[in-house]
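Novice: Hints given; two lone chains; assemble the complex.
In case you want the letters, here they are:
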Amino acid sequence: MKLLTCPVNGTRPLSEFVFGGECRVPPAADCSDKVWADYVHNRHGAPGIKQEWWYHAPSGTWFIAERNTLTDQVIRTFLKGQEGKQ
Amino acid sequence: MQTEKLITPIAHAFPVGSVAWGVINGMQVVTRFVGSDEEEARKEFLGIADASFLGKFGVKGRNAAQWLQDQGIVVPEQPNSWAGNADGSLVLRLGGSEFLIENAPGGNLCEKLLKADAKPAGVYLVPHVEASFVLSGNAVQELFAEVCSIDLTRAALGVQEVVMTQFAGVSVVLMHQDLEGEARYRVWCDSSYGPYLWEVMAGIANEHSGGPIGIGNYFSAYK
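Protein chains in written order, with the working numbering: chain A, 1307 to 1392; chain B, 69 to 291.
By construction, these hints were calculated from the structure, which means they are not laboratory data.
None of the values given here were measured: they were computed from a predicted structure.
For glycine and all other residues, C-beta sits at the position ideal for the given N, C-alpha and C.
Check each hint, because a few of them may be wrong.
Among the chain B residues that face chain A by a calculated CB cut under 7 Å, a handful are [said to hold, decoys possible]:
{"id": "1", "residue": "Ser217"}
{"id": "2", "residue": "Thr221"}
{"id": "3", "residue": "Met232"}
{"id": "4", "residue": "Thr233"}
{"id": "5", "residue": "Gln234"}
Label-pair restraints from in silico Cβ distances [stated by the list, open to error]:
{"id": "6", "chain 1": "B", "residue 1": "Val142", "chain 2": "A", "residue 2": "Ser1338", "range": "22 to 32 Å"}
{"id": "7", "chain 1": "A", "residue 1": "Gln1388", "chain 2": "B", "residue 2": "Gln139", "range": "36 to 46 Å"}
{"id": "8", "chain 1": "B", "residue 1": "Tyr192", "chain 2": "A", "residue 2": "Ala1334", "range": "30 to 40 Å"}
{"id": "9", "chain 1": "A", "residue 1": "Glu1328", "chain 2": "B", "residue 2": "Val102", "range": "53 to 63 Å"}
{"id": "10", "chain 1": "A", "residue 1": "Gly1316", "chain 2": "B", "residue 2": "Gly152", "range": "18 to 28 Å"}
{"id": "11", "chain 1": "A", "residue 1": "Phe1384", "chain 2": "B", "residue 2": "Val143", "range": "18 to 28 Å"}
{"id": "12", "chain 1": "B", "residue 1": "Pro147", "chain 2": "A", "residue 2": "Arg1330", "range": "27 to 37 Å"}
Just chain B, same shape as in the assembly (with noise of 0.2 Å):
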């Protein structure tokens, strides 16, 4: 259960004194970093968010699939897909029978999962407490082809294909979604190495006149 003691695992690598903080989905998140305008004008170029808050359920096992289409989820059929279901959540198909789903903005399909009936035999519960970024912007290639050694352009990538590889020597996972009328690349990565990854693209986000950005930008449910 979430309680406002739950900060973003980012927080690290946050300034002190001249960001806003607030509290989302009871987690203690920045969700302003500079002035709306100029937020704005970073997302064009290459902008960079913090959506760890949006809940997260995981789920493993030979039976696992089939658990999760009785609850009405939509289960990507292929291994390394992400499939999403009709209230925004994502759900990706990290191998043959292991599931990431992430709650849609200002959703709980999670808590729902988590609160479902007795889990069948083959069905297992995996913890998922990853930071999780939203990256857009013109110049958003350019920072992948420098934390990244495989093409990540949108023709090399399938249009439901979840990748996983390593950003700056961190293992992660990445999806690219278009959603609210615009092209964005989800990436989730061991809360742990937040802080580190974080720096390392708002680092070079800010080198292409972009930089961080309050998750309001890109989710309208927190504007």
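Bound-form chain A, shown alone (with noise of 0.2 Å):
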């Protein structure tokens, strides 16, 4: 069973999360087209350490997993704003 620790209620079986797909930046709002387009259709694919949005449904909490996408580990997790806390 793969278990994800969320770091409001602890840890949990995978089946209790949804991915919320990769944590993004978007670029300033007065950023160009060519910049804004990148950011709306391209994603950067290459397997790698990448932060993402996780949501353990019964609670309602979004958090993110900083996760290695080539072993799939999972490095650390925290609510957002609440980074240099972890």
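Specialist: Structure, rendered in structure tokens:
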């Protein structure tokens, strides 16, 4: 059974979680059309350490997991804005 | 406002004809599934009862905790924990600033809170109509092991802990409580999943010589 640790509710089976996509920072509002189109349409698919949104369904908790998408190792999980507290 | 038109959200899971229906707190519920002696025996092994009729009240927001305290409510200090008021009502802290309150059997705290003065800024009402269960018995841990992936033994649960997890694929809120001299578990789930979860848990209870029982077996106010 795969496990994931919710920063609020603790370690739970992966079946309790929903993947929310890569955590991406949008460009500035006054960016060029080219930069905005790149943000909207393009994804960086190379494996590596990435930050992803995950959702703990029973409690309704959104959080960020830092995961190595090559080895599927989760390095840490934290609530948005509490990265430095981990 | 509740009327007698309300029916328990678990109604579709109940057998037709062979059970006794009644009205509690304005909601039609099954008050007896089998004879009282057999219900007592079921409770010993693994009893499950429908407590969906207990009034519920939800509130959230940055000032929700302070507002509840101003109303004289005991507020749990930690997220995912619960506290009991003097009248027997339950206060569950579902997150940093979200609370679920459930009436004590025969109580009306939630109705009072609904009628309380206008809520200040940062206090938002959250409607709650969950299906609600009471579970107990010698084999209750066997049931949990069949429907849930995490350890729900009393040793694993903190004294006042609220657990949000999944039972048979359904999101539930769970807590443990010693009441009227016995250990009980309380489970809440979305009302639309109530019949499914009831059928799953009652089926497992039957396999352990237990089964559905009337709520009067748990709350003396409804005997």
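Novice: Hint by hint, say whether it matches the structure.
Specialist: The hints, checked one at a time:
Against a cut-off of 7 Å between C-beta atoms, the interface hint on B/Ser217 holds, since the closest Cβ of chain A lies about 4 Å away. Checking B/Thr221 against chain A: minimum C-beta separation of about 15 Å lies over 7 Å; hint violated. Given the 7 Å rule on beta carbons, the hint for B/Met232 holds: about 4 Å separates it from the nearest Cβ of chain A. This hint holds: B/Thr233 has a C-beta 5 Å from the nearest C-beta of chain A, less than the 7 Å allowed.
The criterion of a C-beta within 7 Å of any C-beta in chain A is met by B/Gln234, whose closest approach is roughly 5 Å, and the hint holds. B/Val142 and A/Ser1338 have their C-beta atoms about 56 Å apart, which leaves the hinted 22 to 32 Å range violated. Distance hint for A/Gln1388 and B/Gln139: a CB-CB separation of about 30 Å, inconsistent with the stated range 36 to 46 Å. For the pair B/Tyr192 and A/Ala1334, the supplied restraint of 30 to 40 Å holds, since their beta-carbon distance comes to about 33 Å.
Distance hint for A/Glu1328 and B/Val102: a CB-CB separation of about 55 Å, consistent with the stated range 53 to 63 Å. Our hint of 18 to 28 Å for A/Gly1316 and B/Gly152 holds, since their Cβ atoms are close to 24 Å apart. Range check, A/Phe1384 to B/Val143: about 26 Å between beta-carbon atoms, so the 18 to 28 Å window is met. A hinted range of 27 to 37 Å for the beta carbons of B/Pro147 and A/Arg1330 is consistent with their spacing of about 28 Å.
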